[in-house]
Every structure is written in structure tokens, then in C-alpha cells.
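Going down the list, the sequences are from chains A and B. Last residue of the first sequence: number 364 in the working numbering, and the count goes up by one each step with no gaps. Last residue of the second sequence: number 364 in the working numbering, and the count goes up by one each step with no gaps.
For the record, the hints were derived by calculation from the structure and aren't laboratory data. Be a bit skeptical, because a hint or two may be false.
If chains are identical, the list can't say which one is meant, so a pair holds when it fits in one copy or spans any two.
[As the list claims (entries may be wrong)] Keeping only pairs whose Cα atoms sit at most 25 Å apart, straight-line, the calculated BS3-like set for lysine-lysine is:
| # | residue 1 | residue 2 |
| --- | --- | --- |
| 1 | Lys153 | Lys273 |
| 2 | Lys297 | Lys132 |
| 3 | Lys360 | Lys153 |
| 4 | Lys132 | Lys231 |
| 5 | Lys235 | Lys153 |
| 6 | Lys235 | Lys110 |
| 7 | Lys273 | Lys122 |
| 8 | Lys228 | Lys137 |
| 9 | Lys132 | Lys110 |
| 10 | Lys312 | Lys228 |
| 11 | Lys228 | Lys153 |
| 12 | Lys153 | Lys231 |
| 13 | Lys110 | Lys137 |
| 14 | Lys86 | Lys297 |
| 15 | Lys132 | Lys86 |
| 16 | Lys297 | Lys228 |
| 17 | Lys110 | Lys273 |
| 18 | Lys312 | Lys86 |
| 19 | Lys312 | Lys235 |
| 20 | Lys312 | Lys137 |
Treat the numbers as computed from the prediction; the structure is a model and nothing was measured.
Protein chains: 2
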Amino acid sequence: MAFISHSGSLGNILCRMGPQKGIHFSKAASLGNECDLTAADLLSYLMDDPKTGVIGAYLEGIKQGPSFLSALKGASRKKPVVLWKVALTPEGSKAAASHTGALAGSREIWNGVVRQSGVIPVQGLDVLLDTLMGFSLLPPRLGDRVAILSGPGGLAVAAAEACGNAGLKLAKISSKTLAILAEFIPPTGTSLQNPIDVGLTASLEIQIYLRAAKALAEDSGVDAILVVGRGMTPDTHKLYTDGLIQAQRESGKPFCVVNIPGFDADFAVDLCQAGVPFFETVERAVTVYARVRRYQIWRTKTAGR
Amino acid sequence: MAFISHSGSLGNILCRMGPQKGIHFSKAASLGNECDLTAADLLSYLMDDPKTGVIGAYLEGIKQGPSFLSALKGASRKKPVVLWKVALTPEGSKAAASHTGALAGSREIWNGVVRQSGVIPVQGLDVLLDTLMGFSLLPPRLGDRVAILSGPGGLAVAAAEACGNAGLKLAKISSKTLAILAEFIPPTGTSLQNPIDVGLTASLEIQIYLRAAKALAEDSGVDAILVVGRGMTPDTHKLYTDGLIQAQRESGKPFCVVNIPGFDADFAVDLCQAGVPFFETVERAVTVYARVRRYQIWRTKTAGR
Chain A
60 MAFISHSGSL GNILCRMGPQ KGIHFSKAAS LGNECDLTAA DLLSYLMDDP KTGVIGAYLE
120 GIKQGPSFLS ALKGASRKKP VVLWKVALTP EGSKAAASHT GALAGSREIW NGVVRQSGVI
180 PVQGLDVLLD TLMGFSLLPP RLGDRVAILS GPGGLAVAAA EACGNAGLKL AKISSKTLAI
240 LAEFIPPTGT SLQNPIDVGL TASLEIQIYL RAAKALAEDS GVDAILVVGR GMTPDTHKLY
300 TDGLIQAQRE SGKPFCVVNI PGFDADFAVD LCQAGVPFFE TVERAVTVYA RVRRYQIWRT
360 KTAGR
Chain B
60 MAFISHSGSL GNILCRMGPQ KGIHFSKAAS LGNECDLTAA DLLSYLMDDP KTGVIGAYLE
120 GIKQGPSFLS ALKGASRKKP VVLWKVALTP EGSKAAASHT GALAGSREIW NGVVRQSGVI
180 PVQGLDVLLD TLMGFSLLPP RLGDRVAILS GPGGLAVAAA EACGNAGLKL AKISSKTLAI
240 LAEFIPPTGT SLQNPIDVGL TASLEIQIYL RAAKALAEDS GVDAILVVGR GMTPDTHKLY
300 TDGLIQAQRE SGKPFCVVNI PGFDADFAVD LCQAGVPFFE TVERAVTVYA RVRRYQIWRT
360 KTAGR
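Just chain A, same shape as in the assembly (with noise of 0.2 Å):
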């Protein structure tokens, strides 16, 4: 994962907090106000960066427009380049002019290179690390068809809403899988429907949480397994972890993690290090899994052209 930014610091804050969720940088670039290299030479290089799998950029204002415009697309047919792009508005150009010296830009042409650079546009530091943690993690030819596992009731409400607003689909539970959750899944304030909702008291009794992972992922129905959940003590916190982990290697499939909010998220690191991507919301999770599976579709649709 290389980035490139028109900020130094915002350069030094990511390459702070990639590794905080088990995240490390190939490569990092400050450009400055481009007095020497450009934002162009740098995405022409680092596509074909062998140690680079992902470019993610701060882009302030954009030099010489047809070559950084073909930069881009050989880059994005190659690797995704996930891209923050400021000074859309007056305000942001202001500011950006004073900062790098960037020349302001029209978010009309702006959304015309989106459109046919197929490079994947983020707002904001919290999006952009979320966006290329997904990229780095999730494998290809992701599927549609995702299973919702959640302790909390309402978050298994949000997160299919999420899926929805994503345009990704509830994946059909066969029924062979429904009679193994219903073995050890309780019949009161649980639902056997996807999302799965398996009680907050799994939290206490872990091996609820971790059995139902695995009975879904073993289901060839289910693309992916979103789980929202954690262990109470530390003790069934490692089990959780450590059971998601394996889940996820045993069965090839994807997993997202999503934590219980309002509790330490420290174990980021353990499950993102493991290759599963972790997320502190249903929606973050969701939106950035259904990017990646809109660029990788877009990829596959390009490749022969």
C-alpha cells in the first residue's frame, strides 16, 4: 500500500494510524507544491511497483491535466488508486491555494475524470484509510450475497439497511444451515433470518458467535460474512478473534469485522494483521466492501479493452 499527498502531514498522520489497524506502507510521498515530481510520475511509477498493491493519494491541485489524466487511468486499470480530492469548493480551493499553491479545479470536470479514470474518489482521512484497508484485505471476485451475524439487535437492523443502501444483496440461508444455527442459537429475542441475530448475551457464551460464523461460511449461498460482535472478558475476546481468524482461513471466504461501539477497539490490529478488515461501524464495513467489488467488476469489464 503506497501513498502520495499534497500535505506532509497528513502523510505522517495516516502512516500513524495505518499501522494502529495493521496496515503497512510500501511507500510514502509528500509532494509539496510539485516543484520537482509530480502527482503523475509518482502513480506512473508505483503502478508497476511490485511492492504496491494499492495507491492511495491527497490530491490538492492537479498539474498538467491530460498527463496526470493518463497517469491515473494506467494506474487504475492496474491497481486501485483511491483518491482524496480537495478544493472541489470555493472554500477548499481558497485554502488549498494558499497552502500548495493548487489552482482551483471544477468538481464538473472533477467527476468527469472519476467517470473515466475508474479511480475510486474518498472524502475525508477516516474514509480514505477505510477504503484502502478493504482493498489491501478483501480478496477478489467478491459476491453480493452477504450474511449478517450480529448480537445486537438494531445493529443487525442497520447493517442489512447498509447493505441496501449499498446495493448489495441478504444472501438466502439454505435450510441445511438454518437447522445447524438452530442447534445452539436460543429461541427467545434471536432471529434465524438473515442478519442473523444470535442475542447480546453471545457476547458472554462466545462459542454462539463463532459456531454460527462458521456454519454460514460453510453455506455456498453466502459471498460473505459480516460479523458485528466481540467477547466480554478478555479471555472470550480472544476466542472470538482468534475463532474469526480461523473461520475465515478454513472457508476462503471474506469476513468483515464490526465492533460493539463504545468498547475498546484494541484488537484492530490482531484481526487486520490476520488479513480479516476490521470496521467501527455496519456502514463503513458495508460501503467500503461494496467499492471494492464495484471496482473489481469494473476492472474485469475493462481488462480486454
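Dock chain B against the given chain A, drawing on the hints supplied.
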């Protein structure tokens, strides 16, 4: 601040998250499937509850539409009602039906409810909590002329861009204030144009932040001050938070504080308890500020009707 919820677990989680940011609840009610009391009943009660200044809600389905709309309209004219409505997608509706038995609602009808009632719609737990905090801490009659004070230059530009996107203006700083700022802000790697960029090293020389915040708050062309920064040692950090709290108190102008991401944000509780709202990102700070301001304008306009 009161909270009503169709999900018991979300009520639980929110009442756990609030105090971590120094925000406390007057009342919280879990309505489940509304076999007895409805959301309309609770809204009608809370709108006259002297201990409640802001009402938050997570709702899946609406029973008896007309009486709900009437209660929502009545409550919104007295107090801000921040509402996270799910089940507007087929996926969310199906999930809600098996969770609280909620009937599906149409997104178009819901958009009509939002337009007619003055309710503040949100999506997601983090946005809900941010918005509730903003409404409970920001004072009446917010203006749209924002001064941005930042150490990281990229976040200064991003904050200006976020202001543009949210319909806020960058305050024009008076020449008198600029002369004061020039006395102690180093000339290199900084900017005296709004956004004021004091340089990343100001996190070590914390008086630069505090003197700048004070000068900006005293400028009659400035309605609010957004500060992005922190001290890098426990001592400078305490000086920083105490100094900002004091500057808000003395000036009577609203401050919004944003951490430098990647560092512990455990001072959120100190700031919020002292009445200074704290946000995780510049985008979240600016969006909430603009929403509170829009609601205040709407309420003034509809007051006589």
C-alpha cells in the same frame, strides 16, 4: 438529552458511548414492538420534559402514521429531534420485520415526513451521537462565518473544503487580528489566511494555538472557531484543552475541537463536560455545526406559524 429506541441493544450502546464523551442522558426508553406505548407517546411526553433539551431516536417502523407525524411536528418545534430511521430499503425492512415486527415504509413517504416535520434525519450510530452532542452543546443563533485554526496543513484545507460542502463560509479575518497573529506565528510553513495554519510544530509550542484561538474569538467577523490540534506531551495537552475551554468561556463564541487523528482522544470527555463539542474528524465537526445552524434558522422561521 433523551433517547427512544426500537432496539434495546442500541439504547444500551448509546448510553454507554455518551458518557465516554462527557454526554449524559436525561431519559432513555426501549420501545420494542410498541405493544403498549408508542414513539408518538414518548415524543409527546419528552417535548414538555424540563430535563430534556434534545431528543434522539432510533426507529424501525411507524405505527399509526398520522398521530406519529403530529407528535413529531409538535416536538420538533420545541426541541431538536434527531432521528435514525431504518427499514427504508427492502433489505432493512425485511430485517426490521423479524426484529420488531415493523411494517415496511416507503422512502418517499419518509422524505415527506422529514420535510414537513423539521426532524433532523441521520444514518448510523456515530452520526447520531455526534449530532446529539452538537445540539446539546452548541449555543443558539449560530452564525455561518467560521474561523479554522489548524496545525496540520492538509486538515486545514480539508476543513475549509468541508465548510464549502456544508454551506458555511470562511470568516474574513480583520487586519487587526492578522497583525496580532503575525506577532507569534512563525513565517515559514504556516498561513495567516483563513484557514489559519500554525504549523505542525505548534503542537509542541502550545501557546501559539492558544493565543491564536483567543485572537480569532475576539474578532467581530468570526462567529465560530474550529480548532484542529493537540499537545504532544501530557503537560502541553492539558494546557491546550484548558486553554480552549477558557477561550470559549471568555469570548462567548462557540468552539469545535477536532483531534489530530492517530492519537488518543481521551480528552473528549474533559472538553464536552466543559461545554466544548469534540469531533473525530473535521468533516463530522462541520456537518454537525451546519445542521444545528439550519435547524435554528428553521425554528425561528416557523415560530410564529
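Against the structure, the hints come out as follows:
no., hint, in the structure
1, Lys153 / Lys273, "between (53 Å within a copy, 24 Å between copies)"
2, Lys297 / Lys132, "neither (43 Å within a copy, 48 Å between copies)"
3, Lys360 / Lys153, "neither (39 Å within a copy, 33 Å between copies)"
4, Lys132 / Lys231, "neither (37 Å within a copy, 39 Å between copies)"
5, Lys235 / Lys153, "between (60 Å within a copy, 21 Å between copies)"
6, Lys235 / Lys110, "neither (43 Å within a copy, 52 Å between copies)"
7, Lys273 / Lys122, "neither (51 Å within a copy, 38 Å between copies)"
8, Lys228 / Lys137, "neither (28 Å within a copy, 40 Å between copies)"
9, Lys132 / Lys110, "within (20 Å within a copy, 57 Å between copies)"
10, Lys312 / Lys228, "within (16 Å within a copy, 47 Å between copies)"
11, Lys228 / Lys153, "between (42 Å within a copy, 12 Å between copies)"
12, Lys153 / Lys231, "between (51 Å within a copy, 12 Å between copies)"
13, Lys110 / Lys137, "within (13 Å within a copy, 58 Å between copies)"
14, Lys86 / Lys297, "neither (32 Å within a copy, 35 Å between copies)"
15, Lys132 / Lys86, "within (20 Å within a copy, 54 Å between copies)"
16, Lys297 / Lys228, "neither (30 Å within a copy, 48 Å between copies)"
17, Lys110 / Lys273, "neither (33 Å within a copy, 47 Å between copies)"
18, Lys312 / Lys86, "neither (29 Å within a copy, 43 Å between copies)"
19, Lys312 / Lys235, "within (19 Å within a copy, 62 Å between copies)"
20, Lys312 / Lys137, "within (24 Å within a copy, 50 Å between copies)"
The structure does not agree with the numbered hints 2, 3, 4, 6, 7, 8, 14, 16, 17, 18 stated previously, though it agrees with the rest.
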